[in-house]
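Colleague: Residue 1 is where the sequence shown starts when you use this note's numbering, and the numbers rise one by one after that.
Don't take every hint at face value.
[Unchecked claim] Straight-line C-alpha distance at most 20 Å; calculated SDA-like pairs for lysine to any residue: (1) Lys185 - Glu121; (2) Lys44 - Asn56; (3) Lys17 - Lys94; (4) Lys200 - Asp189; (5) Lys13 - Glu72; (6) Lys17 - Asn56; (7) Lys94 - Ala221; (8) Lys94 - Glu64; (9) Lys200 - Gly177; (10) Lys94 - Thr113; (11) Lys226 - Phe23; (12) Lys226 - Ala126; (13) Lys13 - Asp213; (14) Lys26 - Arg220; (15) Lys192 - Ala126.
[As the list claims (entries may be wrong)] Cβ-Cβ distance ranges computed for the label pairs, FRET-style: (16) Pro66 - Lys155: 47 to 53 Å; (17) Ser118 - Lys155: 38 to 44 Å; (18) Thr163 - Arg59: 53 to 59 Å; (19) Met122 - Thr163: 32 to 38 Å; (20) Ile162 - Asp206: 21 to 27 Å; (21) Met122 - Thr80: 16 to 22 Å; (22) Phe140 - Pro66: 24 to 30 Å; (23) Asp158 - Glu72: 35 to 41 Å.
Don't read these hints as lab results, they were simulated from the structure.
For every residue, glycine included, the Cβ atom is placed at its ideal position computed from N, Cα and C.
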Amino acid sequence: MNVAIIPARGGSKRIPKKNIKPFCGKPMVAHAIENALASPYVDKVVVSTDDESIANVARNYGAEVPFMRPAELADDYTGTSPVVRHALSTLLEKGWDINYCACVYATSPLLTTSLINSCYEMLMYADNTDYVFTAARFSFPIQRAILQTENGGVKPFDEFGITQRSQDLPPAFHDAGQLYWGHHKTWLDTTKRIFGANSKMVVMPDHLVQDIDTPEDWVRAELLYKILQSESVK
Numbered sequence: 001m002n003v004a005i006i007p008a009r010g011g012s013k014r015i016p017k018k019n020i021k022p023f024c025g026k027p028m029v030a031h032a033i034e035n036a037l038a039s040p041y042v043d044k045v046v047v048s049t050d051d052e053s054i055a056n057v058a059r060n061y062g063a064e065v066p067f068m069r070p071a072e073l074a075d076d077y078t079g080t081s082p083v084v085r086h087a088l089s090t091l092l093e094k095g096w097d098i099n100y101c102a103c104v105y106a107t108s109p110l111l112t113t114s115l116i117n118s119c120y121e122m123l124m125y126a127d128n129t130d131y132v133f134t135a136a137r138f139s140f141p142i143q144r145a146i147l148q149t150e151n152g153g154v155k156p157f158d159e160f161g162i163t164q165r166s167q168d169l170p171p172a173f174h175d176a177g178q179l180y181w182g183h184h185k186t187w188l189d190t191t192k193r194i195f196g197a198n199s200k201m202v203v204m205p206d207h208l209v210q211d212i213d214t215p216e217d218w219v220r221a222e223l224l225y226k227i228l229q230s231e232s233v234k
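Kindly generate the complete structure, drawing on both the sequences and the hints.
Modeller: Here it is in structure tokens:
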């Protein structure tokens, strides 16, 4: 079977209880759960959390919470991969027969089921691919970035790039922070990195990518979500 694992710890600082805070009518994590459950490529959705209130909300929306995440994996410094590895190892020990695993971020309400499907299909049909993830294009050439020095001055991030025309520079992309598909053996192999040479990306349109780390981000994401929902019903 294929599983979607949604990391959702309870210790968010800038937006308290962010993962279960109401977002356009339902808890934030519910959007990720429902979108993953709607995919024909996802058999079960598992929420990895250290918080009982998040666990209860997750179960109410159809996810499973067969374990509680240990405290050492629920701090401000633990990355995504160790959390997914812990979840997969625990599920395999419980006898789950897992093939592929999607990591879906709890704070990705703009991620659609069709994009979950597209990433999985790319993983299936692309040769020698470890991971497929969603990405977005930088709107401005990163080669023309500038840095502020300690004395308040500026210096180019890239001495060569700053001298080039924008249209002559190759596009650059960044992780959209939403979705990562890989075989469970790939996730468990610590030598294989999500952003390694054998990974591929599905480039998202800008209006489907929004970090939600601050109250301002939250407001912007809700506005985008409402616009997208109104457009989809026309």
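Colleague: None of the hints should be skipped; say for each whether it holds.
Modeller: Cross-check of the supplied hints:
1. Lys185 - Glu121: Holds: lysine 185 and glutamate 121 sit about 18 Å apart, inside 20 Å.
2. Lys44 - Asn56: 16 Å, holds
3. Lys17 - Lys94: With Cα atoms ~29 Å apart, lysine 17 and lysine 94 exceed 20 Å; violated.
4. Lys200 - Asp189: With Cα atoms ~17 Å apart, lysine 200 and aspartate 189 stay inside 20 Å; holds.
5. Lys13 - Glu72: 17 Å, holds
6. Lys17 - Asn56: 13 Å, holds
7. Lys94 - Ala221: Judged against 20 Å, a Cα distance of about 37 Å means the pair is violated.
8. Lys94 - Glu64: 13 Å, holds
9. Lys200 - Gly177: 14 Å, holds
10. Lys94 - Thr113: With Cα atoms ~28 Å apart, lysine 94 and threonine 113 exceed 20 Å; violated.
11. Lys226 - Phe23: 10 Å, holds
12. Lys226 - Ala126: Violated - the C-alpha atoms of alanine 126 and lysine 226 are around 34 Å apart, more than 20 Å.
13. Lys13 - Asp213: 9 Å, holds
14. Lys26 - Arg220: 17 Å, holds
15. Lys192 - Ala126: Cα-Cα ~17 Å, so holds.
16. Pro66 - Lys155: 47 to 53 Å: Given a distance of about 52 Å, which is inside 47 to 53 Å, the answer is holds.
17. Ser118 - Lys155: 38 to 44 Å: 40 Å, holds
18. Thr163 - Arg59: 53 to 59 Å: Distance hint for threonine 163, arginine 59 holds at roughly 57 Å.
19. Met122 - Thr163: 32 to 38 Å: Holds: the Cβ-Cβ distance is about 36 Å, inside 32 to 38 Å.
20. Ile162 - Asp206: 21 to 27 Å: 24 Å, holds
21. Met122 - Thr80: 16 to 22 Å: Given range 16 to 22 Å: holds, Cβ gap about 19 Å.
22. Phe140 - Pro66: 24 to 30 Å: Check failed, 44 Å falls outside 24 to 30 Å.
23. Asp158 - Glu72: 35 to 41 Å: 39 Å, holds
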